[in-house]
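Assemble the whole structure, with the sequences as input and the hints as a guide.
Residue numbers (my numbering), protein chains in the order written: chain A, 49 to 325; chain B, 364 to 688.
Any given hint could turn out to be false.
Cβ-Cβ distance ranges computed for the label pairs, FRET-style [unchecked claim]: (1) B:Leu651 - A:Thr183: 50 to 56 Å; (2) A:Lys122 - B:Ile485: 36 to 42 Å; (3) A:Arg258 - B:Thr681: 51 to 57 Å; (4) A:Lys112 - B:Thr653: 53 to 59 Å; (5) A:Asn192 - B:Ile380: 49 to 55 Å; (6) A:Glu187 - B:Lys678: 17 to 23 Å; (7) B:Val367 - A:Asn229: 22 to 28 Å; (8) A:Ser83 - B:Val385: 58 to 64 Å; (9) B:Ile481 - A:Asp273: 49 to 55 Å; (10) B:Gly408 - A:Ala186: 44 to 50 Å; (11) B:Ile368 - A:Ser275: 47 to 53 Å; (12) A:Lys210 - B:Val367: 19 to 25 Å.
Hints were generated in silico from the structure; no laboratory data involved.
None of these values were measured; they are calculated from a predicted model.
Just so it is clear, CB atoms sit at the ideal spot from N, CA and C, and this is done for glycine as well.
Residue strings, one per chain:
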Amino acid sequence: MTTNLSLVCGEEILQVSGLSVNRSGVEVISDINLSVNCGEFVGIVGPNGAGKTTLILTILGILKPRKGHVSLSKAISGKVGWVPQAATSLPKNMKITVREFIQLGTLDSATWFLPFGTKYDKQNVSKIIETVGLTDYAETRIANLSGGQRQRAAIGKALASKADLLLMDEPMVGVDLKSRNSIMKLLDDLCHTQNKTIVMISHDLASMKRTVHRMVYLEQHIRYDGSTNDFPELSVLADLRGIEETHPEGLLSEVDQTAPEDIITVWQKDELRSRKS
Amino acid sequence: MIAVIIILLVVVIFLPILIATVDLGGLLIEGLGPILESLEPLIPGEWFPLYFTRVYLQRPLIASLVVSMVAGFMGTFLLMRNLALIGDGLAHVSFGAIAVALAVGWAPLEFALIICVISALIIEFLSEKGYLTGDSAIAIFLTGMLGLGLVVSYVSGDSAIRQIDGYLWGNLNLIDAESFNNIIWVSLISYITLAILYRSLLAICIDPIASQVQGIPVFLITIIWSTLIAVVVVSMVQIVGALLVTALIVTPAAMAQLTSRSFFMCVVLSQIFGIITVLLGLYYSAELGTGSGSMIALVSAVLFVVIALTKGVVKMFTATNQNTN
Chain A
49 MTTNLSLVCG EEILQVSGLS VNRSGVEVIS DINLSVNCGE FVGIVGPNGA
99 GKTTLILTIL GILKPRKGHV SLSKAISGKV GWVPQAATSL PKNMKITVRE
149 FIQLGTLDSA TWFLPFGTKY DKQNVSKIIE TVGLTDYAET RIANLSGGQR
199 QRAAIGKALA SKADLLLMDE PMVGVDLKSR NSIMKLLDDL CHTQNKTIVM
249 ISHDLASMKR TVHRMVYLEQ HIRYDGSTND FPELSVLADL RGIEETHPEG
299 LLSEVDQTAP EDIITVWQKD ELRSRKS
Chain B
364 MIAVIIILLV VVIFLPILIA TVDLGGLLIE GLGPILESLE PLIPGEWFPL
414 YFTRVYLQRP LIASLVVSMV AGFMGTFLLM RNLALIGDGL AHVSFGAIAV
464 ALAVGWAPLE FALIICVISA LIIEFLSEKG YLTGDSAIAI FLTGMLGLGL
514 VVSYVSGDSA IRQIDGYLWG NLNLIDAESF NNIIWVSLIS YITLAILYRS
564 LLAICIDPIA SQVQGIPVFL ITIIWSTLIA VVVVSMVQIV GALLVTALIV
614 TPAAMAQLTS RSFFMCVVLS QIFGIITVLL GLYYSAELGT GSGSMIALVS
664 AVLFVVIALT KGVVKMFTAT NQNTN
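Written out as structure tokens, the structure reads:
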């Protein structure tokens with residue numbers, strides 16, 4: 049399936065080669081090579097501090113690489129959507145409706161100074177509200193939405209920029225299982241019907257395994273990159289992490305090897321097991 | 364992008380010339396004067412109607428209404444960024460600058476404007492880089508400059524203290540034809556700029572990173588925005604005084620936040636509440652013979668409490684209704 053899809057769309061949309069990035073003097077990711085094709089749905093997993101967000105921010109051009117470079121296909125240059133973490137992205141005291149919020153996504157370097165936006169943008173926004181399933185809540189305040197609906201609104205805002213490549217930083221934080229499934233379905237639809245390319249960071253292995261075409265395990269380096277079906281079991285993953293000594297103190301790395309819990313929380317592991325049985 | 368910068372430069376260079384040559388304030392008085400006079404029979408009170416008939420009182424009336432609209436517009440953005448205190452902080456900075464200027468003999472408002480713009484930019488960048496949280500950065504500037512202003516005015520003698528009083532509490536008599544013209548020009552340009560930046564400012568308030576990704580010139584807009592706050596605050600110091608600027612920037616916006624559903628509604632209501640505050644404040648200050656600035660501040664606080672209580676009561680009733688259903 050996966051290979052078929054990328055063959056249909058063909059074109060390489062994003063290429064990261066030999067990328068190393070420093071944050072406050074520490075090399076967070078080093079020598080990353082990654083290429084993403086149009087229409088792919090890529091999931092990035094890895095423990096906290098593994099450099100996942102750093103990678104995404106570098107692709108967006110917010111952080112400057114120390115070595116290597118990021119190249120986006122000409123067809124999509126400037127049309128990258130960014131969906132930040134639900135919990136941190138929206139101020140609590142915002143008195144702003146879903147429609148206004150999603151409309152903000154339509155602003156770009158050519159239209160930011162227009163006070164009311166173009167007619168095309170307005171129609172586009174209505175369509176997107178329908179796509180993300182918030183038609184009934186279009187005039188509701190963002191602050192009054194549930195976590196899942198809020199996340200849909202954030203996805204809508206990214207879609208409104210007409211982006212073909214969506215980069216998501218843990219969109220499932222604070223979202224319950226049911227909403228999580230429906231959001232994953234929405235993303236899957238976007239991939240298949242609208243030919244969007246999605247790169248998503250998540251700690252939620254279970255729902256990732258169901259929908260994502262390709263998994264990348266990142267911990268400073270890329271430790272695994274391949275089809276979801278071949279994604280290693282937890283024990284193998286723990287071994288994978290031990291391949292290189294990332295921590296100079298032996299104690300720390302020992303603890304790390306025996307406790308893969310920070311990759312996947314315990315209840316998510318249970319969920320994984322129950323799904324298999 | 365480059366076109367925008369060029370337009371900005373042209374505006375900055377030619378603005379003083381434009382303000383000096385085109386007497387917008389005079390034109391406004393000529394146009395609105397007869398209308399205000401015809402409203403006079405409808406106006407209640409013994410002294411308040413004078414604001415509508417005497418030219419020297421028409422000016423402060425129009426100026427405070429216009430400024431309250433700009434301040435209300437601006438306040439909604441400040442509240443959204445949790446920078447409600449920035450207006451207050453800059454007002455105190457301008458107070459310190461005015462005291463220094465009066466002591467040395469420079470033009471007080473022009474000097475205050477320059478100092479305020481610089482401080483606004485410093486506050487913005489200090490808080491953006493995370494060296495200081497917004498609140499503490501503002502608080503440090505606020506008390507420091509207030510102290511400086513008071514010390515300078517004590518050192519320089521009696522006449523300076525008497526003059527500075529007007530800037531501390533606001534004095535409508537400070538508004539002559541020339542400063543009226545300045546206020547109208549500044550308000551007009553600020554209002555147009557806010558209208559142009561409306562959506563991009565909102566986008567930056569909500570998510571600066573996403574705005575940058577979308578191609579909005581975040582840096583440029585931040586600079587324009589800081590300058591704008593400083594300009595509006597300095598033009599307000601004459602009307603409500605340095606200590607009471609918050610009354611027109613934050614309070615109307617806070618009332619609008621309580622009552623509106625969408626952001627657009629919030630912007631509109633904030634301006635309406637600003638106008639109501641100014642009218643009521645001027646009415647009571649005229650009838651009771653108190654200072655205009657302090658009365659405006661008091662009225663705005665009372666209005667806020669009334670609206671908050673009303674909302675609370677309404678919410679309570681709707682909640683009980685839902686329960687019984």
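**Hint check, failures only** = Going through the list in order, the structure violates hints 3, 7 and respects the others.
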